[in-house]
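Participant: Chains A and B, in that order, give the protein sequences. Heads up, the first sequence is in my numbering, so the first residue is 19 and it goes up one at a time. Heads up, the second sequence is in my numbering, so the first residue is 19 and it goes up one at a time.
Quick caveat, the hints were computed from the structure, so don't treat them as lab data. It is possible that part of the hints are untrue.
It does not matter which identical chain is used: a pair holds within one copy or between any two.
Cross-link-like lysine to aspartate or glutamate pairs, in silico, EDC-like; alpha carbons within 20 Å at most [said to hold, decoys possible]:
(1) Lys136 / Glu223
(2) Lys174 / Glu223
(3) Lys117 / Asp40
(4) Lys174 / Glu390
(5) Lys159 / Asp133
(6) Lys251 / Asp133
(7) Lys316 / Glu371
(8) Lys276 / Glu290
(9) Lys205 / Glu193
All of these numbers come straight from a predicted model, not from anything done at the bench.
So you can see what is in the structure, the chains are spelled out below.
Protein chains: 2
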Amino acid sequence: MAAKVTPWEVKGKINYNKLIKDFGLKSMSSLKLPAVFEKEVLFRRGLVFAHRDFERILKAIKEKKPFVMMTGLMPSGKMHFGHKMVADQVIFYQKLGAKVYLNVADIEAYNSRSDNLKELHKVALEEYLTNYVALGLDLSKCDFYFQSKRSLDGAKSNSYYSLASMLARHVTYNEFKAIYGDVSPGKMAAALLQAADMLHPQLPEFEGKPLPVVVPVGADQDPHLRLARDLAKRCKLHKFIQLSSTNHKFAFGLKGGKMSSSDLTSYIALSEDPKEAARKIKKYAFSGGRATLEEHRKKGGNPDVDVAFQMLKFGLESDDSKLEDLRKKYLSGEMLSGEMKMYLVEKITEFLESHHKKRKVAKKQVKKFMKENVF
Amino acid sequence: MAAKVTPWEVKGKINYNKLIKDFGLKSMSSLKLPAVFEKEVLFRRGLVFAHRDFERILKAIKEKKPFVMMTGLMPSGKMHFGHKMVADQVIFYQKLGAKVYLNVADIEAYNSRSDNLKELHKVALEEYLTNYVALGLDLSKCDFYFQSKRSLDGAKSNSYYSLASMLARHVTYNEFKAIYGDVSPGKMAAALLQAADMLHPQLPEFEGKPLPVVVPVGADQDPHLRLARDLAKRCKLHKFIQLSSTNHKFAFGLKGGKMSSSDLTSYIALSEDPKEAARKIKKYAFSGGRATLEEHRKKGGNPDVDVAFQMLKFGLESDDSKLEDLRKKYLSGEMLSGEMKMYLVEKITEFLESHHKKRKVAKKQVKKFMKENVF
Chain A
19 MAAKVTPWEV KGKINYNKLI KDFGLKSMSS LKLPAVFEKE VLFRRGLVFA
69 HRDFERILKA IKEKKPFVMM TGLMPSGKMH FGHKMVADQV IFYQKLGAKV
119 YLNVADIEAY NSRSDNLKEL HKVALEEYLT NYVALGLDLS KCDFYFQSKR
169 SLDGAKSNSY YSLASMLARH VTYNEFKAIY GDVSPGKMAA ALLQAADMLH
219 PQLPEFEGKP LPVVVPVGAD QDPHLRLARD LAKRCKLHKF IQLSSTNHKF
269 AFGLKGGKMS SSDLTSYIAL SEDPKEAARK IKKYAFSGGR ATLEEHRKKG
319 GNPDVDVAFQ MLKFGLESDD SKLEDLRKKY LSGEMLSGEM KMYLVEKITE
369 FLESHHKKRK VAKKQVKKFM KENVF
Chain B
19 MAAKVTPWEV KGKINYNKLI KDFGLKSMSS LKLPAVFEKE VLFRRGLVFA
69 HRDFERILKA IKEKKPFVMM TGLMPSGKMH FGHKMVADQV IFYQKLGAKV
119 YLNVADIEAY NSRSDNLKEL HKVALEEYLT NYVALGLDLS KCDFYFQSKR
169 SLDGAKSNSY YSLASMLARH VTYNEFKAIY GDVSPGKMAA ALLQAADMLH
219 PQLPEFEGKP LPVVVPVGAD QDPHLRLARD LAKRCKLHKF IQLSSTNHKF
269 AFGLKGGKMS SSDLTSYIAL SEDPKEAARK IKKYAFSGGR ATLEEHRKKG
319 GNPDVDVAFQ MLKFGLESDD SKLEDLRKKY LSGEMLSGEM KMYLVEKITE
369 FLESHHKKRK VAKKQVKKFM KENVF
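Here chain A stands alone, though its shape is the one from the complex (with noise of 0.2 Å):
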């Protein structure tokens, strides 16, 4: 099957060397990423293989200056292992020293998916922004927002949303189609938000001046981030400095393929049962092992393939040289399909079951953060 990857489909087996090429980005190899680069699985293993203007960080970081880690999340279904990528690199980033702005992209799920404003607020706080708090992020070092609650004061609310409905003038339909398939006014307006939850924090009622932001997307993503880049090249209304992003691979879906929260077989949500993400791994977790036994043995198991091992892979073993070892193991036969299950069963366990001790902490803390401020 030819590999497709668009914000409206991935399917195929990706050749993300072929992606950065055909989406005009640079290799995350090409770059000299410090230390500290290391500590994180996703960087250290290749998971963030690609990025555009990625030096821009680099720099901030090295120089001590300020920069903002931008990214938004979509308040529908359960959070994920696949979504669990992004927070890893805001909460990294975070400690990092940039300012995190935390997007609900609920204007944007309203107009695409469910018209229960209530349940969507519900969801971005007791299931992402949880989730979010108990991996680790720090909301005091955090500009939490709603897109239909740009609240703040007045000057900095209309700074934002006028910078969205002004950005229209600097793109065509053509474009927009081009990148959003068959456009509705309501995909539309949630694409300039989009666009302008990227570009607003260098304006002046924010962060006071332009100054280097990254988004960490998905490949599949990288279509808003060209647009993003067009428009703030384009718009003169305020002088940015080029956004830049990185991209990772795709989490593993369970069954193989993307991880996919409208497929409820696909994931496994970090509020999961630690018994329930057992039995869906049993279940669902596509194998890279041989038909039978005994050629398994004798020709190994595919670990690139094995969602099993790929979980481990994308986190779930932090251990360089245990994974290393899984992997050869499993390449060589000595390792059956259902062990590296089990080995992964009991990873998740262990991390489900700490996860959710710290979700309860998080839970109030959450509380207490929406008390104290206004949305």
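Following the hints, put chain B in place on chain A, whose structure we already have.
Facilitator: Frame of chain A, contents of chain B only:
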């Protein structure tokens, strides 16, 4: 020439009765207007000729219940006698107790005309708002704002803007296209803000509850109203009271046709030097007279197409019996086109000289107002 009336084009001899039928409006003459409406020539002379749901406004006036009068202004070019028709209605409703929402469509102007926001704001204040105040607008009973700066406090700002973005869910691309012709993202963003301009007074953050809102429009702008009314019905985020509107006839351009700010020889500006106004009238004003003096004396002129007579009718002669006298004399051939023009010159000179004195006072009021309010 077949008449054509769309937001994009007005041409031909307009049959207002046909317009009422085509647009599904109701004739103003079918309403029993309270005596106070006799004070305003636009109502008295049937120049406000049609409406939608205007009964609701009459009821509010009668019962002394709160209602809103909303209009927007496009901050480009000069404010002329065509624009004055709207201003006269705004001021009339304000005196009747309406809360006035007066919006500067600067984002619409930015997206479709000039990208010089500063200049747009200067024109809005020095040209339009100053004229409004000179004509009698009471700034203290008026919510004046720019689309790009709906400041106030954060909660108010965001409810206005997020309404605009979320209304997008409830309209299709084809509906936009039918109303706005070839739709660009810039036009779409502006159209959504325009709908929010009309609907947001009813939000909890503004007037606090659903209430009647009247929007006076030129007959060609009715499609915008239809869209806003459709959105009011479809959007379940808020319970809107359906918008009311009135439609007024087109101010005659000097050379006949519609008065247009993009054709200097078609209009007289409110800031025009009286001598220049006289020159324009003498040189350009389309006459309803006959080819020769002899023929005119014998057959009489046509006041229905005589621009000088029409400008008097649209407000520059406020005395009905005097106007009727002019009409009869012109119709009979007793009065010549040149004499009609001279009469208009006299009246317009009187008006402009008085208006310019008022403008001087108004300028100071506008300056003070802008200092005292945050924009």
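Participant: Evaluate each hint against the coordinates.
Facilitator: Checked hints:
Proximity of Lys136 and Glu223 under a CA criterion of 20 Å is satisfied inter-copy only: 18 Å between copies versus 28 Å inside one chain copy. In this homomeric assembly, Lys174 and Glu223 come within 20 Å of each other (Cα to Cα) both inside a single copy, at 5 Å, and across copies, at 17 Å. In this assembly of identical chains, the alpha carbons of Lys117 and Asp40 never lie at most 20 Å apart, being 31 Å within a copy and 57 Å across copies at closest. In the homo-oligomer, the alpha carbons of Lys174 and Glu390 lie at most 20 Å apart both inside one protomer (19 Å) and across protomers (19 Å), since each shortest distance falls under that limit.
Taking the shortest Cα distances, Lys159 and Asp133 never come within 20 Å of each other, neither inside one copy (31 Å) nor across copies (36 Å). Taking the shortest alpha-carbon separations for Lys251 and Asp133, only the inter-copy value of 15 Å comes in at or below 20 Å, while the best intra-copy value is 34 Å. When the C-alpha separation of Lys316 and Glu371 is checked against a cutoff of 20 Å, the pair qualifies neither within a copy, at 37 Å, nor between copies, at 103 Å. For the identical chains of this complex, Lys276 and Glu290 are intra-copy neighbours only, at 19 Å inside a copy versus 67 Å across copies, given an alpha-carbon limit of 20 Å.
With identical chains, the CA atoms of Lys205 and Glu193 are at most 20 Å apart both within one copy (13 Å) and between copies (15 Å).
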